[in-house]
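A.B. asks: One letter stands for each residue in the lines below.
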Amino acid sequence: MAIDKVKLQVLADHSLAAAESMANTLCRTAHSTFVKETEDFTTGLTTAEGETFAAPRSLGATWFVGLDYANVIRMIDDYREGDICMTNDPYSGFVCTHSPDIHLWKPVFHKGEIVCFAVGHVHNTDVGGAVPASLSRTLTEVHQEGIRIPPVKLFRAGELDQQLLDVLLTNVRVRDQNWGDLKALVAAVNTGERKVREMIAKFGIADFRIGIRDLLDYTEATARSIIRTIPNGTYAFHDYIDEDSPGGVPCRLALDAIVGDESIVLDFRRSDPQLSSSMNMPTGGAERHTLLLVAIYHAFYSLRPDMLVNAGMTRPFRCLLADGSILNPRYPAAVGMRSLTAIRLQDVVFGFLAAAMPERMPAAPAGSICIMNVLTSDPKTGRRVMAAIDPLVGGGGAMPGFDGSNGSGGNAGFLKNTPVEINEVEVPIRVLRYGLTPDSGGAGRHRGGLSVTLEFQVFAPNTVITARNRDRTRFQAWGTQGGRAGAPSSFFINRGSPKARVLGNTDICTVEPGDIIEISSSGGGGWGSPFDRPAAAVLADLEQAFVTAEGAKRDYGVVIRDGVVDNAASDELRQRLRSQKVKDHFDFGPEREAFERLWGGANYDVLIERLRSVPVEWRFFLKRKVFDAVAASAKEKGDIGPATIAAIFGGVKREFPQLS
Amino acid sequence: MGYRVGVDIGGTFTDLCALDESTNRLYTHKVLSTPAEPGADVIAGLRALKARYGIEPQAISYFTHGTTVGVNTIIERNGANLCLLTTEHFEDVLELGRLKMPDVFNLFSLRPPPLIPKSRVLPIRERILSDGTILLPLEEGSVLRAVRRARDLGADGLVVSLLNAYRNPAHEERIKEIVQHLAPDLLVILSSAVWPIVREYERTITAVINGYVQPRISGYLSSLQAALRSEGVPVEPQVTKSNGGVMRAELGKRASVDVLLSGTASGVTGASYLARQSGLTQVASLDIGGTSADMALIVDGEPQYGTGERIGDFNLFIPSVAVSSVGGGGGMIAWVDREGVLKSGPLSAGSEPGPACYARGGTRPTTTDAFLVCGFLGQADLAYGSVRPRRDLAHSAIGGLARLLSRTIEETAESIIEVAVSGMYVEITKLFARYGADPKSFALMAFGGAGPMIACFLARELKMESILVPTTPGVLSALGGVVSDSKNDFIRTIYEVVEAEISERLRQAYGELTRDAQAWLRNEQGHKGTPRLRLSADMRYVGQSFEIETPLSERWIRDGDTAAIKAAFHDQHQRIYDYCDREASVQMIHARAVIAAENPKPHFLRRPEEPHDPEPAGGAEVYYDGRRRTARFYRREELRPGAAFMGPAIVAQEDTTTCVLDGFACKVDGYGNLVLCQEGREGR
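Chains as they are written, first to last, in the working numbering: chain E, 1 to 660; chain X, 1001 to 1684.
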């Protein structure tokens, strides 16, 4: 570090103040409710090279604090004072990662030289394309996901490019909202520029230039000091997305982490090949792409809440990604729903950290951040209503020392719900139930956070329910240290009636007048053996309807009769249960155990390895064929090992001679 | 003619001020607070006023009081033992809140445990729809079961908050009747009566907080009334309110939730009163004590109001004077992290054990210790003579850090001040950005024990043109009580698109609000003066999820001029958010009324300013901006109007110390305020 260490915190504070001012300006002047309520935006300052050295902490999304603008900065030449550049193309530099995110960057000059950039993005409600809001799992090509603007100048030396703006706004469904939000973002980067000038005046240009690099070095040093406390070694962990496309087969995200003294290699190459749905996460194969490291931001900040959050956190990491994979797709793979993948990927990285530091890390959070929308009509007036009703996020993972937070928490704590009373006025629906789901938290010495259940009735024909990011109905949020997995998520129409439908991970459905929709998020994983949870705590859970009497007995071995713990019966039962169930460090729930009897690590590894040998366009297609063939073969023969998988793959491949 | 007395109870000190109505002279005094024996401090204070200034209790013509009993009840979690009755299938309203976690980056972030645990939430079978119609009539059996269960649980009271009760309170009211019949000793609080807003969590938590603090506040106010009577005070006490007004103590026993922020709010009321008197309209009031630093913006001479102010772990959704925490106060602990970077806070030494230099057992270096080492403190005793700061202890506390940083002790102390100031700078910058305001156009009014000490450092960073240090910065809350108006808020939920069709509904709603407001003022508050009635509405564009309050004219309501109402909203939206959409539909969510009636105001003497260079009481060596300099030392009580001098200077008084850095010109105005202006700036 070059500038005075006692000055560094002062520079950090002023940088944070700049980023926060930008965020407040954006939040205050944005037009869309989506931006104001879900805070799906960022603001920040980067070095002249593009590394984010300041990001807000109290407002905005948590995923982008390590964003590196270097690629897009390089794609514009000849910067001039007053320029503001823009892109929303996920395949131009991989700063933008799906089309609704419009990113801006503005060079800040001092005596003719660029000293830093003021940057930011907003998630626009819609940028055109095949479906309203531009996002759907069913889309297969980035071209269906709306207009793509490669890196261009929106303002040239302070002058708005009206023609460019017209092209953009002609291609979107709610132009006023987009322009309103874009203006707010322009105001934010202008605020950032002004704040940087104030900082240069205060600290002097020399100290400012060196100081902002010192801030990155400082965070890097903090991150490395945290890594020093993680035991060296290799840790493997994987988790699944329930479906690789609507109604599809599981999709694996796998990590081999190699922890060195002060650095970590995250090898994601055993993850699925790129998908023919829109859950691909575009990274360009970058070694330190921000979307790969979100879990690190959360975990490291949790371990050192005083640490400065910036791109320096990413420096000790090196990520390895296979080309043409879900984490490094090739153009023109669709990427709109990359958030679902990004959320599951966080669980994978959390899993590695929990394996490496079992005493310090929580169990898995629910891993579901579902955004619910209803499109219906008012039976009285016929008025069409489209509204976001509630985000459904599940419980936090249980922590060393504490139960997981109920209803939301962990890495999904940033969303707000919509009050029942507001939903009932705004949308012609009737809410029948909104609350926590008993027995849904992973059992443990510390209980996982409970999931939320929302039940409502609709009254108009052709009512469309969308539920973005639906997942975890099959594979559950894992427990650690002997704690159990959280309950899976569920989605029903008219449960218990003759018209009942089980919708699983469906993210869009049409319902009829009188239909009752019941949707539950997933629960967080438990921490420590449930048989070590004090009976009094289980009783307290029962009194709060967090567990049922059956759940207390089944999951915790605590027998409660008429509100009183039967100590003798409980001791006996707990002793018996303890002796039968020897759980590993992790519990993933029965569905995963069943799946992995067929598709356990080695079998899936062979599949991934073989798929990598065929052209990208064939990988998803062949994966399905192999899954079908393996399912058929398993029915006949039962036990299947890696050799059989290889043989089946060979057989499937031979059906397509053009491949050889 | 008599004395108008304000008493404000803080964590450490109880502040008193007494205004002689015949001479307009203001007397102030401080005594130690007695949290263990509430009310004893007030009596001690009154006796001290008599002993020190000869103010007889019988001569007190008006008495206002701010108390922290309510806030402490929430923070210490020792309020009433309550049960909550909700509509069946919605019992998790307190558990879920609005979902968002306190610290979104931190995996270990936890929501605070609710004031009423889920095991004490009891379901009621009933359902009212959003238009107020009854879908499922109240099943009285479920009420009987709930009351029985509440009895078994040993509850002191019931809070009833049913879905959509803001629109139709019939079921809540019927439950109250039933409970009063079955169990007349149980306290019953209805959400529709406390603050009938739409949004079930916000309405419920407001009712819950009201019930939670009510027994203690009511008990406290009763003992206060008795104590004042026994001391011979002939008037009924008034209590200060979160909305910056006052009401009779008797009313506070029921509307307890209104009393919660009384001290902080009346501090801002006092600040805005002094600001107006000095001709300042744009002011940031900064109150820094040992453990907290709070800022409020005064715009066009008026405090800003908001809903959602923090009380302990919770937000309060009744209209309150908006005050934001901007840091941890003079007790913030400085430390060096593993990477060798100097930090300040968030840990605070508070008032116990306090800064190292207080010699009360604290050993870790605080901001106050740094000011002492830099020479700004130590010439005089602190906190009304109760603390004689010890330089040797401050030196040894900071010495440890100096060794870690390889700096001199003075350099380290200066850096501690710098880091503490930059931490506050972040929060203050955020606050201004949220309001879309520019600190450069505001004056800083500094009070609290540490406010005037840090003010110059902050004003330099924020480029604020001037600083005002009132004559008695320690007793601004007490003074705020004395100058507060009688005031109350009223609300009805409308939730309609603003069109001509709703004119009649608005006339009816505002008619009711007006009648309620006038009845409150006349019958309950017993005020005979001319009321000011202010009508407003919480409105938004259709599709937005938050409202902004827009003042309305009575004429628009009377004439059904919905166009004017909409136009007022568009203008307000433009003012706050820099844009508006005159084509878009506007929704009115709540109709509101505020009634206020002026209480007599003191008129402080303005003495002529005779420009002069005052003779310092001494000199002091101070260290800042990297070098040592000689500062003049003044005693505040010796400075007369018209005195003018340049920094560096130190002005000590019994409740605070003002640091005047070089580059600042200090002047004493006709009211005795210190007015500091940055050189090259005009000031006011």
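Because the hints were derived from the structure by calculation, they are not lab data.
Cβ coordinates follow ideal geometry from the N, Cα and C atoms, glycine included.
Mixed in with the good hints there might be a few duds.
[What the hints assert, rightly or not] Cβ-to-Cβ under 10 Å is the rule here; a few derived chain X residues that face chain E:
1) Gly1097
2) Tyr1201
3) Lys1253
4) Ala1255
5) Thr1291
A.B. asks: Run the structure past the numbered hints and jot down the numbers of the failing ones, going up.
C.D. replies: 3, 4, 5
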